[in-house]
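Residue numbers (this note's numbering), protein chains in the order written: chain A, 1 to 361; chain B, 1 to 846.
Errors might be hidden in some of the hints.
Incomplete in silico selection of chain A near chain B, CB under 7 Å [claimed, not checked]:
hint, residue
1, 79
2, 80
3, 82
4, 91
5, 111
6, 117
7, 121
8, 124
9, 135
10, 136
11, 151
12, 153
13, 182
No wet-lab data here; the hints were simulated from the structure. Remember, it's a predicted structure, so these values are computed and weren't measured experimentally. Cβ atoms here follow ideal geometry from the backbone N, Cα and C, with glycine treated the same way.
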Amino acid sequence: MKTFWMILALLSLPAFAQSPTTQPIFAQAIAPREWVFPRDHGRHDGFKTEWWYFTGNLREKTTGRRFGYQLTFFRSAFIPHATTRPSAWGMTDLYFAHAAVSDVEGKQFHYADRLARGRTGLAIASNEGLDVLLKDWSVKTEQESIRLVASDAKFAIDLTAGQGRGPILQGPGGLNAKGTGAGQASYYYSMMRMPTTGTLTIEGRRFDLAGDSWMDHEFSSNALAENQSGWDWMALTLIDGSDLMIYRLRDKAGQTDYLSGTRLDRAGAVRYLSAREILFTPSKPWKSPASGATYPQEWRVTVNGMTPLTVRTRLTNQELQTPNSTDVTYYEGAVEVLDDKGAAAGEGYLEMTGYAKALPK
Amino acid sequence: MIRFFAKLTAGHFRKHRLEALLCLIGVALGVAVVVSIDSAVAACVRSFQGAVGSLAERSTHSIFSEKGPLTDETYLALAKRGLNVPMAPIIDRGLLIGRADGSPPFVGRLIGVDVFSERALRSFTNMKSNLDEASFRQFLTEPGTVVLVDELAERINAKSGDEITLTIGALRPQVRVVGVTKLSGVARSQLGDLVIADLATAQELSDSVGRIDRIDLNIASPDDEKALAAALPEGLVLRSTQQQSTSLSDLIASYKLNLNSLSLMASFVAVFIVYNSMLISVQQRVTSLGILRCLGGSRTQLGTLYLLEAILFAIAGGVIGVIGGWALSKVLVGYVSTTINDLYASLRPGPVTLGWETFAKGLAVSIASCLVGAAVPLIQAARTPPVNVFRGTARARGSAKTSGTLFVAGVALLGLCWGIYILPSRSPIVGFMMALGVATGFALLCPALTRLTCALVTRASRPLQLLPVQMAASGVARSLSITGVAVAAMMLAMAMNVGVRTMVTSFRGALSSWMERRFAADVFIGPELLVNHKIDATIDPRVEQWVQAQPETARVVEYRAVTTDIAGRPTLLVGTDVATLLASNFPIKATERNRAFNPQTDLLVSEPLTGRTNWNAGDDIDLPTPSGQKRFHVHATFYDFGNERGQLLMDRHSYAAAWLDNRITSLHVRLKPSNDPETIAPRWAQVLRKDYPVVANSFAHVKKEVLTVFDRTFKVTDVLTWLAGGVAFCGLAGALLSLSLARRRDYSVLAAVGMSGRQTAAWVFGQGVLIAWISAAIAAIAGTVLAYVLSYVIQYRSFGWSIPTSPQPQFWIEALALATAAAGVAAVYPVYRLRRSAPAESLRQE
């Protein structure tokens with residue numbers, strides 16, 4: 001799931017509330033597909049929305065000080081085909097990006113957002129491999145690694161993520177359901193446990209770090225159902241060697257409307273989880289002084305065949321407000337995972353949306 | 001004492017209502033001229049600032065290119081530098097919108113924006129909130145789609161879904177309106193002509209693919225501004241919105257200075273009127289003043305009381321003048337804005353407002369004129385000896401003695417002006433001070449010259465037994481304190497009229513002959529937008545191919561003109577066939593001897609640019625170009641009356657290579673002999689206009705158009721000089737009235753011994769005519785000198801225009817005739833009053 005749904009919804013792009021006669025016809029995620037990498041790391045024309053999402057938990061090499069980061073690029077298409085206009089500004093896609101850093105010990109959270117129309121040299125994703133650019137922010141394959149670069153007035157990210165696990169398809173043939181309605185799905189794969197090194201610079205102080213990153217890449221042309229108002233998503237890297245991705249969509253009453261996930265065990269076996277196999281319980285609400293939204297700070301996650309887990313945010317305030325791009329308020333932050341005895345069981349990232357206000361359709 | 005004096009003053013003015021009124025009108029007119037010019041220019045500048053401000057909205061700065069067009073790549077490089085400053089690329093062009101009913105096209109403005117970069121800068125470009133989703137997508141993704149602002153949509157009666165035809169540069173595209181956006185507040189009044197397009201669409205519509213006009217930014221702090229300015233690549237400049245909005249003030253500096261000089265000259269004339277009026281008032285009340293002194297009034301008290309009177313006068317004149325000036329500015333704003341539109345920038349001036357600043361300025365001018373004018377009479381009033389009470393007929397005969405001193409002072413002042421003239425100052429203020437000095441110098445000569453002339457007239461008329469002439473001359477000479485000042489005021493107004501008109505006429509003649517030398521062509525072909533609307537535009541290269549193929553064509557000279565920043569100021573850069581121009585009678589000012597023009601390296605510098613940069617023939621200069629810094633050689637300097645901001649002329653191909661610009665602004669066509677341009681031009685226009693938005697005009701037509709613009713430009717100076725004439729008339733009428741009253745007892749004696757009514761009229765009229773003629777004679781000389789000062793010191797030294805000036809005797813004769821007529825009119829009432837007064841009454845007083 002990820003923030004792109006709500007961003008698209010807020011942008012009110014033509015896929016939403018369009019009369020059938022004027023609506024551009026985009027490709028749909030309705031059946032499993034053949035994946036070819038590295039080509040499929042790149043842009044997928046014809047689909048309305050696409051994103052590349054990097055999160056990670058890192059530690060300072062010398063002190064062990066904990067940090068988290070997020071760097072996300074979104075592509076939203078206005079029309080399903082490339083343009084052949086004389087001007088290079090000829091519009092087809094809009095790109096936006098969010099970046100954030102969490103300094104757990106320093107109790108600092110900084111973030112920035114931006115957007116730009118798609119055009120060569122300004123904001124563009126390659127359709128041949130992983131190479132996404134938005135002004136001076138970028139994520140790009142360099143030899144066998146992925147280089148992540150973003151900066152703002154208060155922080156800078158400069159990391160290199162190496163080969164980890166995956167690509168792991170988040171559904172049969174990469175088809176990932178977003179609801180029970182026909183065609184309510186996306187194509188989605190992840191790469192996890194990518195060994196990451198590099199630096200985070202926060203308020204002028206540079207930290208030399210190492211850790212793991214998680215990458216999601218997803219594309220589709222569908223969006224929220226009428227009755228859905230937000231979602232909760234987490235990607236967890238566990239000490240037992242397994243990886244877990246769980247998400248739920250909430251209805252307007254705040255109840256679970258759709259719940260799903262994927263478990264990758266130590267040996268690399270993938271199990272797609274249905275709602276019946278997952279118990280997902282929020283607790284310890286925290287009210288953001290900035291937005292007034294109340295976010296759970298702790299989640300009890302029970303998956304059939306696994307020890308019950310407690311997912312707890314590492315830093316209370318990891319809320320993003322994005323006036324420079326989409327004006328959406330959401331929570332995206334580093335989490336630690338504890339087992340039922342309270343011992344460390346892993347770490348990951350948690351996203352919670354739709355708490356500040358119901359997302360428009 | 002104050003109450004007594006107030007009664008005395010009120011009583012005096014009741015008795016001398018007309019004099020007071022004339023003086024008041026004189027002051028008010030002087031103030032009105034200053035206020036009206038100030039308000040009209042301010043309204044135009046405010047309108048321009050409003051337009052810049054409305055368009056800029058939250059953007060604080062813009063980046064422009066000093067070397068050729070700004071490219072997409074420049075913007076992209078900046079956007080990727082992580083400057084953390086919101087920035088947006090902009091296309092900003094003039095255009096024409098064709099109307100379905102065939103009425104003249106509407107002049108508008110095309111703004112090409114990237115709505116996604118605009119968020120931190122402007123609200124009216126937020127198309128997402130102004131358009132429905134389908135229209136928003138069309139606006140962004142479909143070529144040839146535009147959004148109109150509501151006022152424009154109403155004016156051209158267009159709505160969403162309509163197709164309209166635009167003329168932009170060399171293109172005449174048809175576009176589809178996909179939405180109408182509502183503007184409010186200042187933006188509504190200033191941006192009512194906007195056609196908004198997506199950046200891609202705007203580039204395509206304006207034949208500017210790959211190019212943008214500027215980059216707007218929102219810079220939060222001076223530190224960010226410094227950091228950005230330092231980070232800018234060479235050739236790019238950062239200008240604040242404030243600088244842009246004041247750029248019109250810079251552009252019209254010379255125009256404004258000329259207008260201000262004229263308006264201050266009018267108030268200078270008013271100073272003389274106040275002086276005259278106050279002096280008469282003091283003399284008329286000499287008895288009362290003597291009584292006051294006898295009753296114990298001190299000199300200081302008398303001086304203070306007169307000062308208060310002068311201030312009251314100034315306030316009354318100031319208030320009337322400000323209100324009159326405000327009314328007048330409503331007329332003048334039309335002239336001023338037409339000129340600014342003709343010559344500098346597109347304007348839609350709003351209403352002229354009467355702010356407290358204008359009011360204060362008007363009052364300040366009025367008080368200053370009155371205090372300066374009243375200074376001498378005030379001292380005289382304070383010095384009135386008590387004995388004057390017994391000298392009812394005391395006159396200002398003594399002041400005749402001072403005429404010699406004034407003459408010497410005048411000559412000294414004129415000498416001082418000559419000294420200033422020799423100084424190599426470029427300041428317009430020095431030039432203006434010199435003009436003022438010349439005017440004052442000649443004014444100081446007036447009493448002595450009046451006395452001398454009167455003496456000559458008396459001597460000449462004595463043998464001829466011309467008693468009324470003799471009486472008139474001696475009357476004028478005897479009341480020199482009144483008449484001398486009246487002559488000075490009248491002379492100043494006429495000198496101003498003669499001076500300005502001499503300069504304008506000389507300039508017009510020079511412009512006319514310069515055009516023939518500068519443009520050696522029979523037919524001009526240019527973009528409709530440029531020719532009719534002064535909007536930067538180019539023509540389709542196929543137009544040139546067509547013209548070349550015509551059997552009547554002997555030679556085609558391509559002409560490419562762009563405005564670019566050279567030596568820190570917008571300057572016209574022209575690429576043309578310089579060698580061909582030089583072969584004809586081109587208006588060269590100075591050139592290198594024995595060196596042929598080298599098209600690869602040489603260029604010509606216009607006179608105003610030489611004035612600004614000191615680039616002279618033989619110099620080597622470095623210019624920033626899109627292809628890097630390039631060295632050029634100044635082959636010659638040339639006279640240029642077409643552009644006071646400066647012009648560089650270089651070979652067409654050298655320009656194209658250095659500035660990477662191969663486009664053509666216009667074509668100058670020489671026809672084969674025996675072809676009539678007047679026939680060919682319309683015929684070509686008819687054929688070409690079917691496919692291209694161009695106009696073809698004969699040289700005669702273009703010249704006529706240019707001279708029409710020229711005449712329009714100086715229309716406002718005409719109005720001003722005539723207003724100054726009005727001020728002077730008030731002075732003359734006031735002086736004649738005072739003279740007649742002062743001479744009432746003389747008249748009574750003469751009437752008693754048998755002087756007829758006709759003789760009385762001849763006497764009074766004779767005095768008026770004498771004053772008028774003396775004034776006109778001095779004004780002819782002073783005006784011609786002033787014309788030289790205006791042309792050489794102000795225009796040439798400050799703005800680099802050397803306008804050849806020659807004496808224009810027709811204006812001298814005109815001034816004489818007008819002065820005579822004014823004297824006639826001004827004499828009517830004094831004659832009437834004298835003839836109505838009973839001689840016995842006056843004699844009894846005597």
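For the restraint on residue 91 of chain A, tell me whether the closest CB of chain B is nearer than 7 Å. Holds. Min distance 4 Å.
Taking the least C-beta to C-beta distance, is residue 135 of chain A closer than 7 Å to chain B? This hint holds: residue 135 of chain A lies near chain B, its Cβ roughly 5 Å from the closest one there, short of 7 Å.
Status of the residue 182 of chain A interface restraint (C-beta, 7 Å, chain B): Since chain B brings no Cβ nearer than about 24 Å to residue 182 of chain A, farther than 7 Å, the hint is violated.
Residue 153 of chain A as an interface hint toward chain B, with CB separation required under 7 Å: Holds, about 5 Å.
Checking hints one by one. Is residue 124 of chain A an interface residue toward chain B, by the C-beta closer than 7 Å rule? Not OK, violated: residue 124 of chain A not within 7 Å of chain B, min 11 Å.
Against chain B, is residue 80 of chain A within 7 Å by beta-carbon distance? violated (11 Å)
For the hint on residue 136 of chain A, does the least C-beta distance to chain B fall short of 7 Å? Holds, about 4 Å.
When the least beta-carbon distance from residue 121 of chain A to chain B is tested against 7 Å, hint result: holds (4 Å)
Hint validation: residue 111 of chain A versus chain B, beta carbon distance must be below 7 Å. Holds or violated? violated (14 Å)
Classify the hint on residue 79 of chain A as holds or violated, based on whether any CB of chain B lies nearer than 7 Å to its CB. Where the cut-off is 7 Å and the nearest Cβ of chain B is about 5 Å from residue 79 of chain A, the hint holds.
Residue 117 of chain A as chain B interface residue, shortest Cβ-Cβ below 7 Å: holds (5 Å)
Under the criterion of a CB-CB separation shorter than 7 Å, is residue 151 of chain A in contact with chain B as hinted? The hint holds - residue 151 of chain A has a Cβ within 7 Å of chain B, the shortest such distance being about 6 Å.
Checked against the numbered hints above, the structure breaks hints 2, 3, 5, 8 and 13 and satisfies the rest.
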